[in-house]
Amino acid sequence: MRRSERLIGLTKHLLDRPNQAVSLSGVQGLLNAAKSSLSEDVAFIRQALEGLEQGTIQTISGAAGGVRYIPRLSASERTAFAADMVSRLEDSSRMLAGGFIYMSDILGDPMVIDNVGRLFAEAYSDSHVNVVVTVETKGIPLAVATAHYLNCPLAIVRREHRVTDGSVVSVHYVSGSNRRIQSMSISKRAMPDFARALVVDDFMKAGATCKAVVHLLAEFQATVVGTAVFAATTEPKEKLVADYKALFEVSDLEEGKVPIVLPVMQSDAVLQDKGEMRANP
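The sequence shown runs contiguously to residue 281 in full-length UniProt numbering.
Worth double-checking, as some hints may not be accurate.
Said to hold, decoys possible - Taking lysine-lysine pairs in the DSS-like style, the calculated list, with each CA pair at most 25 Å apart, reads:
hint	residue 1	residue 2
1	LYS245	LYS205
2	LYS188	LYS205
3	LYS257	LYS237
4	LYS211	LYS237
5	LYS257	LYS205
6	LYS188	LYS138
7	LYS245	LYS211
8	LYS188	LYS237
9	LYS188	LYS257
10	LYS245	LYS138
11	LYS138	LYS257
12	LYS35	LYS138
13	LYS211	LYS188
14	LYS138	LYS12
Said to hold, decoys possible - The following label-pair restraints were derived from C-beta to C-beta distances:
hint	residue 1	residue 2	range
15	GLN58	SER37	43 to 51 Å
16	LYS35	ASP109	17 to 25 Å
17	LYS257	GLN58	45 to 53 Å
18	GLU255	ASP16	21 to 29 Å
19	ARG159	VAL86	45 to 53 Å
It should be emphasised that the hints constitute simulated quantities derived from the structure, not laboratory data. Remember, predicted model here, so these are calculated numbers, not experimental data. By construction, the Cβ of each residue, glycine as well, lies at the ideal position given by its N, Cα and C atoms.
Whenever a hint applies, use it, and build me the whole structure from the sequences.
In structure tokens, the structure reads:
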């Protein structure tokens, strides 16, 4: 196999397995190459990915050894994605009664889902997440993409217990939208031992649903490393969930009005700057 072919094969193998440890010994037979040659290839691929701002290849030390692809979005991709989302969301026809915004078409776009998954995974790449948790149904595509890029399983919180879930743990909570007492449950088998969970959702107003999920996960003695949402409202300012990150903040959510959409989670620097602006208006 020529080196150009080997580089393409190795790159695809790594990109198909984000945040997953890959043993070079394990791919020697697949690419018909010596381990020393593969190590040189990894260095070349790392340099190319970092130059394109598409992530990096991390070397794993220890007896097992290996490498891991850490995905990223480039600055230009972030900017283009943010501009596209703002353009699509700032549309008065999207406004629904009760201060909600129609986003089903956007959250059904495969490219949007993929970009959101990469951004969420990048934001929590150092949090040692071993399960992504979401509430059915609109948050599921975003959670699937996030779980893929974090290389961990997905656990879905149900509003109604299904017999196929097996044994479940349930909690009751007060809905933030209609102030009704509702219930949610999650299968015991869906949660790993010593869980470090990332909660993913599509939209947050007061944060009642996400808070209920945190309480539900507490029944498993799980550590919730954070909550990631596609969009959050600017009001109320104080959410019921303190530790959350949103890609976009929206305001002026009234029927017939054009909502105001502000990109938030474009980089750690943006998050820090925004926090400083809030603390020092």
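How the hints compare with the structure:
1. Our distance criterion of 25 Å between C-alpha atoms is met by LYS245 and LYS205, whose separation comes to about 13 Å.
2. For the suggested pair LYS188 and LYS205, the alpha carbons sit about 28 Å apart, so the restraint of at most 25 Å is broken.
3. Distance restraint check for LYS257 and LYS237: the Cα-Cα separation of roughly 21 Å lies within the 25 Å cut-off, and the hinted pair is therefore satisfied.
4. Proximity of LYS211 to LYS237 is assessed by CA-CA distance (about 15 Å); at most 25 Å being required, the pair is judged to hold.
5. Distance hint between LYS257 and LYS205 is fulfilled; the C-alpha atoms sit about 18 Å from each other, no more than 25 Å.
6. Taking the CA atoms of LYS188 and LYS138, the gap is about 22 Å. The hint holds against a cut of 25 Å.
7. The straight-line distance between the Cα atoms of LYS245 and LYS211 is roughly 14 Å, inside the 25 Å bound, and the hint therefore holds.
8. Distance restraint check for LYS188 and LYS237: the Cα-Cα separation of roughly 34 Å exceeds the 25 Å cut-off, and the hinted pair is therefore not satisfied.
9. For the hint pairing LYS188 with LYS257, the CA-to-CA distance comes to about 44 Å; that exceeds 25 Å, so the pair is violated.
10. For a cut-off of 25 Å, the pair hint linking LYS245 to LYS138 stands: about 18 Å separates their Cα positions.
11. The suggested pairing of LYS138 with LYS257 holds, with an alpha-carbon distance near 24 Å, which does not exceed 25 Å.
12. With a CA separation close to 44 Å, the supplied pair LYS35 and LYS138 exceeds the 25 Å bound.
13. A C-alpha spacing of about 19 Å is found between LYS211 and LYS188, which places the hinted pair at or below 25 Å, so the restraint holds.
14. Between LYS138 and LYS12 the CA atoms are separated by roughly 30 Å; this puts the pair beyond 25 Å, and the hint is violated.
15. Distance hint for GLN58 and SER37: a CB-CB separation of about 20 Å, inconsistent with the stated range 43 to 51 Å.
16. Between LYS35 and ASP109 the beta carbons are some 41 Å apart, a value that contradicts the proposed interval 17 to 25 Å.
17. Between LYS257 and GLN58 the beta carbon distance is about 46 Å. The supplied range of 45 to 53 Å therefore holds.
18. Checked against the hint of 21 to 29 Å, the C-beta distance between GLU255 and ASP16 comes to roughly 44 Å, which is inconsistent with it.
19. At about 31 Å, the CB distance of ARG159 to VAL86 disagrees with the hint of 45 to 53 Å.
Hint violations for this structure: numbers 2, 8, 9, 12, 14, 15, 16, 18 and 19, all remaining hints satisfied.
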